[in-house]
Every structure is written in structure tokens, then in C-alpha cells.
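First to last, the sequence lines map onto chains A and B.
No gaps in the numbering here: position 79 of the first sequence is 79 in the working numbering, and each next residue is one more.
One gets the working numbering by counting positions in the second sequence from 1 and adding 136 to each.
Careful: at least some of the hints might be erroneous.
[As the list claims (entries may be wrong)] The list that follows gives simulated cross-link-like pairs (lysine-lysine, DSSO-like), each with its CA atoms no further than 30 Å apart:
id, chain 1, residue 1, chain 2, residue 2
1, A, K37, A, K71
2, A, K83, A, K108
3, B, K227, A, K108
4, A, K71, B, K227
5, A, K118, A, K47
6, A, K47, A, K83
In case anyone wonders, no lab produced these hints; they're calculated from the structure.
Bear in mind the structure is a predicted one, so any value in this text is a computation, not a measurement.
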Amino acid sequence: MKLARLLPATTVYAHCDLPCGVYDPAQARIEAQSVLKIMEKYQENLKAHPDDIVFQTRSIVIKEERGELVKHHLWVLWTDYFKPEHLEKHPNLHDLFWRATKAAGQAKHSMDPADGQKLLDLIDEIAEIFAATKKA
Amino acid sequence: MKLWPVGLYRVAGESMRPTYAPGDVLVGLRWFRARTGQVVVAHHERPLIKRIKSVSGRNIWLVGDNPAASTDSRQFGPVVRHQLEAKIIGKLS
Numbered sequence: 001m002k003l004a005r006l007l008p009a010t011t012v013y014a015h016c017d018l019p020c021g022v023y024d025p026a027q028a029r030i031e032a033q034s035v036l037k038i039m040e041k042y043q044e045n046l047k048a049h050p051d052d053i054v055f056q057t058r059s060i061v062i063k064e065e066r067g068e069l070v071k072h073h074l075w076v077l078w079t080d081y082f083k084p085e086h087l088e089k090h091p092n093l094h095d096l097f098w099r100a101t102k103a104a105g106q107a108k109h110s111m112d113p114a115d116g117q118k119l120l121d122l123i124d125e126i127a128e129i130f131a132a133t134k135k136a
Numbered sequence: 137m138k139l140w141p142v143g144l145y146r147v148a149g150e151s152m153r154p155t156y157a158p159g160d161v162l163v164g165l166r167w168f169r170a171r172t173g174q175v176v177v178a179h180h181e182r183p184l185i186k187r188i189k190s191v192s193g194r195n196i197w198l199v200g201d202n203p204a205a206s207t208d209s210r211q212f213g214p215v216v217r218h219q220l221e222a223k224i225i226g227k228l229s
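Using the sequences and the hints, build the whole thing.
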């Protein structure tokens with residue numbers, strides 16, 4: 001299965017190229033919640049069943065996928081939704097997205113729920129700005 | 137290269153969910169007759185993956201399986217046969 005992903009293949013786009021207007025930080029948040037829950041369950045399992053390598057391996061693999069989706073959804077928001085006028089009103093926007101995507105990377109490296117929580121907190125900060133832009 | 141009857145395609149984007157997800161590697165058959173319901177690789181500015189909703193004369197109408205996240209014939213109109221490169225016949229990953 002993983003091997004297939006290494007094969008040379010033409011990229012075909014299933015993107016929304018035109019502004020369909022469907023943007024929501026909830027997409028990133030749901031994936032980040034999965035990341036956090038997986039970390040918590042992994043830690044519980046490690047204590048209760050230290051030899052359960054199958055569960056632990058699956059947790060890492062699935063967390064990796066969810067973490068990548070968090071990055072993707074954050075990038076879509078950052079590059080497609082937010083506009084220069086939003087940046088004028090919220091000058092910390094670039095820094096916030098930079099820290100959030102970094103946190104998503106850290107959450108991929110780590111199995112520490114604190115890293116997952118940090119990612120969620122940053123997404124919530126983005127969601128607050130997003131909500132403010134919707135009201136404006 | 138494109139004369140080869142089979143090609144591999146990697147999906148980028150969300151518009152073919154739940155059928156295909158980003159990163160899926162698909163097998164496409166380049167020799168085919170366009171039919172309603174097929175998932176195809178089509179060229180409109182860049183290679184796209186969409187489903188054929190209808191074929192009417194020369195006009196082929198394409199849509200994504202996830203319409204909320206898709207740019208397709210609803211925006212750019214119908215395509216014609218020579219814009220279709222392959223029909224998807226399977227998934228490797």
C-alpha cells in the first residue's frame with residue numbers, strides 16, 4: 001500500500017480552483033482533535049498493554065495521516081481564504097499560521113498529548129480570527 | 137509516453153471524496169469510450185479527476201463526487217473527448 005505511493009504518477013487535481021466559499025477552521029480542528037485523542041489513547045494503551053504493538057503502530061500511522069490533514073486544511077485557509085485586508089486587521093495572522101503548522105508538524109513527531117493540545121489551542125486562535133472576519 | 141494504454145495518477149485535493157482521497161494512486165486506461173458514471177482524467181488548464189455526469193453529443197459534463205469542494209463543469213462548462221486522457225479502473229493505494 002505504501003509502496004504504491006512511491007510510484008511515479010501524474011498528479012491529477014480534485015481541487016476547488018474557483019472560490020466556492022466553503023472554508024471553515026472546523027475541518028482542521030476535527031483532524032486535530034483526532035490527533036489529540038489518538039495520543040491520549042496511545043498513552044493509555046502503553047500503560048495498560050505495553051506489548052500491544054499493533055494498536056500502538058496503528059495509532060502512529062493514523063495520527064500521521066490526521067496530522068497531515070491538519071496541515072492541509074490550515075494551508076487552504078491561510079492561502080485561499082485569508083486576504084490582505086484580514087492581515088491588516090489581524091497582523092499576527094502569518095505568525096499564528098506559521099506556529100500552527102509548525103505545531104502540526106510537532107504533533108506528527110510526538111505522542112505527547114500536550115503537543116496535540118497546543119495544536120488545538122492554536123487552531124482555536126485561528127478560528128477566533130476567522131469568526132471575526134465573518135462578522136466584519 | 138501517453139501512447140501507453142495504462143497510466144498511474146496521484147490524486148491531489150478533496151473533490152473526489154469519498155471515492156478517492158488525496159494521495160491515492162489510481163490506475164487509468166487511456167483507450168476507452170466515454171460513458172456516464174466513469175471517473176476520468178480530464179485536461180482543463182491542468183489534469184483534473186472528475187466523474188462523467190452525462191455525455192450529450194460532443195459535450196461531456198464532469199462533476200466531482202464531493203460537489204462542495206469541486207470545480208467542474210458547473211463552472212467551466214462541458215469538455216470534449218480529446219480533453220479526456222484516461223478512465224480510472226482501479227486504485228493501488
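These are the hints, each one checked on the structure:
1. Distance restraint check for K37 of chain A and K71 of chain A: the Cα-Cα separation of roughly 17 Å lies within the 30 Å cut-off, and the hinted pair is therefore satisfied.
2. Of the pairs offered as hints, the one joining K83 of chain A and K108 of chain A holds, with about 28 Å between alpha carbons and a cut-off of 30 Å not exceeded.
3. The suggested pairing of K227 of chain B with K108 of chain A holds, with an alpha-carbon distance near 26 Å, which does not exceed 30 Å.
4. With a C-alpha separation of about 25 Å, the suggested pairing of K71 of chain A with K227 of chain B holds against the 30 Å cut-off.
5. Simply put, K118 of chain A and K47 of chain A have alpha-carbon atoms about 23 Å apart, close enough for the 30 Å limit, and the pair holds.
6. Between the alpha carbons of K47 of chain A and K83 of chain A the distance comes to roughly 47 Å, so the proposed pair goes past 30 Å and is violated.
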